[in-house]
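J.: Generate coordinates for the entire structure from the input sequences, incorporating the hints supplied.
Each protein sequence line maps, in turn, to chains A and B. The opening position of the first sequence corresponds to residue 1 in our numbering, with each subsequent residue numbered one higher. The opening position of the second sequence corresponds to residue 1 in our numbering, with each subsequent residue numbered one higher.
I should point out that these hints are in silico values taken from the structure, not numbers from a laboratory. All clues given are correct.
Where chain A lies over chain B, by a calculated footprint (3+ residues, C-beta under 8 Å):
1. 184-194
2. 213-223
3. 245-252
This structure is a prediction, so every number in the text was calculated from the model and none was measured. Where a beta carbon is used, it is the ideal one built from N, C-alpha and C, also for glycine.
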Amino acid sequence: MILLEVHHLVKHFVRKQGLFRPPSVVKAVDDVSFTIDEGEMFGLVGESGSGKSTTGRCILRLIEPTAGEVRFRGENVLQFSGERMRAARRDMQIVFQDPYSSLNPRMRVGEIVEEPLVIHKLGTRSERRARVEELFQLVGLDPSFVQRFPHEFSGGQRQRIGIARALALNPALVIADEAVSALDVSIQAQVVKLLLDLKERLTLTYLFIAHDLRLVEHICTRVAVMYMGKIVELGDTNALFANPAHPYTRALLSAIPVLDPDTPRQRIELDPSSFERDAPLKSVGVEHWAAV
Amino acid sequence: MATVPAAARPTPLLDVQHLSVTFGGETPAVDDVSFQIAPGETLGLVGESGSGKSVTAFSILRLLQPPGRVIGGTVMFQSRNLLALTEREMREVRGAGISLIFQEPMTALNPVMRVGDQIAEALLVHGKTTRAEARTRAIELLDAVKIPDAARRVRDYPHQLSGGMRQRVMIAIALACRPPLVIADEPTTALDVTIQAQVLELVRELKTRYNLALLLITHDFGVIAEMADRVAVMFKGKLVEEGPVRDVLRHPRAEYTRNLLAAVPGATRS
Numbered sequence: 001m002i003l004l005e006v007h008h009l010v011k012h013f014v015r016k017q018g019l020f021r022p023p024s025v026v027k028a029v030d031d032v033s034f035t036i037d038e039g040e041m042f043g044l045v046g047e048s049g050s051g052k053s054t055t056g057r058c059i060l061r062l063i064e065p066t067a068g069e070v071r072f073r074g075e076n077v078l079q080f081s082g083e084r085m086r087a088a089r090r091d092m093q094i095v096f097q098d099p100y101s102s103l104n105p106r107m108r109v110g111e112i113v114e115e116p117l118v119i120h121k122l123g124t125r126s127e128r129r130a131r132v133e134e135l136f137q138l139v140g141l142d143p144s145f146v147q148r149f150p151h152e153f154s155g156g157q158r159q160r161i162g163i164a165r166a167l168a169l170n171p172a173l174v175i176a177d178e179a180v181s182a183l184d185v186s187i188q189a190q191v192v193k194l195l196l197d198l199k200e201r202l203t204l205t206y207l208f209i210a211h212d213l214r215l216v217e218h219i220c221t222r223v224a225v226m227y228m229g230k231i232v233e234l235g236d237t238n239a240l241f242a243n244p245a246h247p248y249t250r251a252l253l254s255a256i257p258v259l260d261p262d263t264p265r266q267r268i269e270l271d272p273s274s275f276e277r278d279a280p281l282k283s284v285g286v287e288h289w290a291a292v
Numbered sequence: 001m002a003t004v005p006a007a008a009r010p011t012p013l014l015d016v017q018h019l020s021v022t023f024g025g026e027t028p029a030v031d032d033v034s035f036q037i038a039p040g041e042t043l044g045l046v047g048e049s050g051s052g053k054s055v056t057a058f059s060i061l062r063l064l065q066p067p068g069r070v071i072g073g074t075v076m077f078q079s080r081n082l083l084a085l086t087e088r089e090m091r092e093v094r095g096a097g098i099s100l101i102f103q104e105p106m107t108a109l110n111p112v113m114r115v116g117d118q119i120a121e122a123l124l125v126h127g128k129t130t131r132a133e134a135r136t137r138a139i140e141l142l143d144a145v146k147i148p149d150a151a152r153r154v155r156d157y158p159h160q161l162s163g164g165m166r167q168r169v170m171i172a173i174a175l176a177c178r179p180p181l182v183i184a185d186e187p188t189t190a191l192d193v194t195i196q197a198q199v200l201e202l203v204r205e206l207k208t209r210y211n212l213a214l215l216l217i218t219h220d221f222g223v224i225a226e227m228a229d230r231v232a233v234m235f236k237g238k239l240v241e242e243g244p245v246r247d248v249l250r251h252p253r254a255e256y257t258r259n260l261l262a263a264v265p266g267a268t269r270s
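T.: Spelled out as C-alpha cells, the structure:
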C-alpha cells in the first residue's frame with residue numbers, strides 16, 4: 001500500500017531584487033518524485049543545500065511548494081484548505097534535528113508533549129495527562145519528569161521528548177529531519193533503536209532525512225539521493241549501495257571514511273561534466289533508478 | 001598485543017604525563033592522562049561529548065579558561081615542560097611550536113579581516129618576516145592548501161569562502177610558522193562528507209610534505225581509521241585505551257571502546 005506519493009515537487013525561492021543585483025531564483029527542490037509504502041523506512045540523503053529538508057517541509061506544507069503534488073493516502077494535500085491541512089497533520093508529523101532549539105525552553109516538557117492534543121482538542125484534561133504519561137513511557141522517559149523544563153535533559157533525552165510530541169496524535173507518517181545527527185554516536189544508536197522499535201509497535205512509516213550515509217544504509221529499506229534539488233538516484237538500499245550508478249552517488253559513497261585502516265581508499269572525484277543535470281531517472285537494475 | 005618497548009621508540013615530540021584538569025567540580029575533567037606523540041606521527045584522540053578530549057588539547061596549549069585549571073602532570077614539548085613556562089615563552093610555542101585548528105572555521109576566523117591578512121598576522125606576530133615577505137608567504141600558503149587563484153583569494157573575507165575553503169584557510173594559518181605539531185580539534189566535523197574527504201586528503205599530503213605530527217581530536221572512528229597511526233580513547237576524563245590504530249579498531253580491549261565501536265552504524269558488517 002502506498003502511503004505517500006510525491007509528484008514533480010518544485011520549490012523555488014526567489015531572491016528579491018537588490019539595488020545592484022537582478023532578482024534570482026534558487027531551485028531548492030526541482031521536480032522531485034518518489035513514493036513511500038506503508039510501514040517503510042525511506043531514506044532521503046544528500047549534502048547541505050541539496051534540498052532534502054525543504055522536500056520534507058514541503059510535504060507537510062511547513063514551506064508552501066511552488067508546484068507539484070503530494071498525495072497522502074491518495075489525496076493531494078497541496079489542495080487542502082488551511083483547516084483541512086491542520087487536520088491532516090495529525091497523520092503526518094515531524095521530528096527536527098536540533099533538540100536544543102526545537103523545544104520551547106519556557107514550557108514544561110509535559111506541556112510540550114501535551115500541546116498537540118490541546119491544539120487538536122482531543123480528550124479531557126485527565127485523559128491528556130494519562131496520554132502524556134503513556135507517551136513518556138513509550139519513548140523510554142520517566143513519567144515523573146513531566147514537570148521539568150527542557151534544559152534539565154540531555155540531548156538524547158530531549159530528542160525523546162521531541163519524538164513523544166510527534167507521536168502524541170498517533171501519526172501514520174513521521175518525517176525525521178536529521179533527527180539523530182546532533183547526537184553522540186552511542187546516544188544516536190539508542191535513539192535509532194527507539195525509532196525502529198516504535199515503527200514496529202505503532203506501524204509507523206518514516207521519511208528519514210539524513211546526511212549520514214552509513215546510518216541510512218544501516219536502517220532504511222529504500223533510499224533516494226538528492227543533489228542540487230534533484231533526486232539523482234533512487235532504489236533498494238542494498239542495490240544502490242552495492243552498485244551506485246550516478247556519478248554523484250559514487251563520489252558521495254567513496255567519500256565516506258571506512259572503519260578499516262587497511263581498506264584501500266578509492267576516492268572518486270565528482271566531474272560535473274560527466275552527467276546531465278536534467279536527465280530523467282531510468283531503470284538501472286531491479287528496484288533501482290538513476291538519472292544517467 | 002605487541003607493544004613497542006619505550007626504548008625502541010623515537011624521542012617523543014610531545015610527552016604528556018599524568019595530566020589532570022579540574023573545573024572545580026567533584027570529578028576532574030581530565031584525570032591522570034598520559035600519552036606521547038613522536039615526530040611526524042598522528043595520534044587520534046577519540047571520545048564523546050564531555051569526555052575531556054578538547055580540554056586536554058586546550059591544557060597542552062595552556063588556553064584553558066578559568067575556572068578550568070591544570071592540577072597535576074607535565075606536558076613536555078621539545079624537552080621543555082610547557083606547564084612551567086612563562087606566558088611570554090608560551091606565546092612563542094603557540095603557532096611556532098604547536099598550532100591549533102578548530103572545528104568551526106567561521107567562528108575561528110576574524111570576519112572583518114581579509115584572509116591573507118590573517119595568515120600574514122600569524123607570521124608577523126612571531127616577528128619572522130617583513131610585511132612584504134608575509135604577503136608573499138600568505139599567497140604561497142593559500143596555494144599550498146589548494147585554494148585556486150590564491151593571489152586573488154588573499155583579498156577575500158571569510159564570508160566569501162565556502163566552509164571547506166575556510167577550513168583550508170585555517171590550515172594555512174596553522175602551518176604559517178611551520179610548527180612541528182598541529183592539534184586539530186574536530187577539523188572536519190562541520191563539513192559535508194565529500195568536502196571532508198578533500199580536507200583529510202589535504203591534511204595527509206601536508207603532513208608528509210612538512211613532516212608534521214598531528215593530534216587529531218574527533219568522535220568519528222572512520223576519520224581515525226583513515227588518518228591515525230595510533231589512537232587514544234577517552235571516557236569521562238580518563239584514557240581508557242591507547243594503541244596502534246589497527247589493534248584498537250580490530251581488537252578493542254576496553255569495554256567502553258567496544259561499545260563505542262559497536263554503536264557506529266554499519267561497523268559490525270565490515
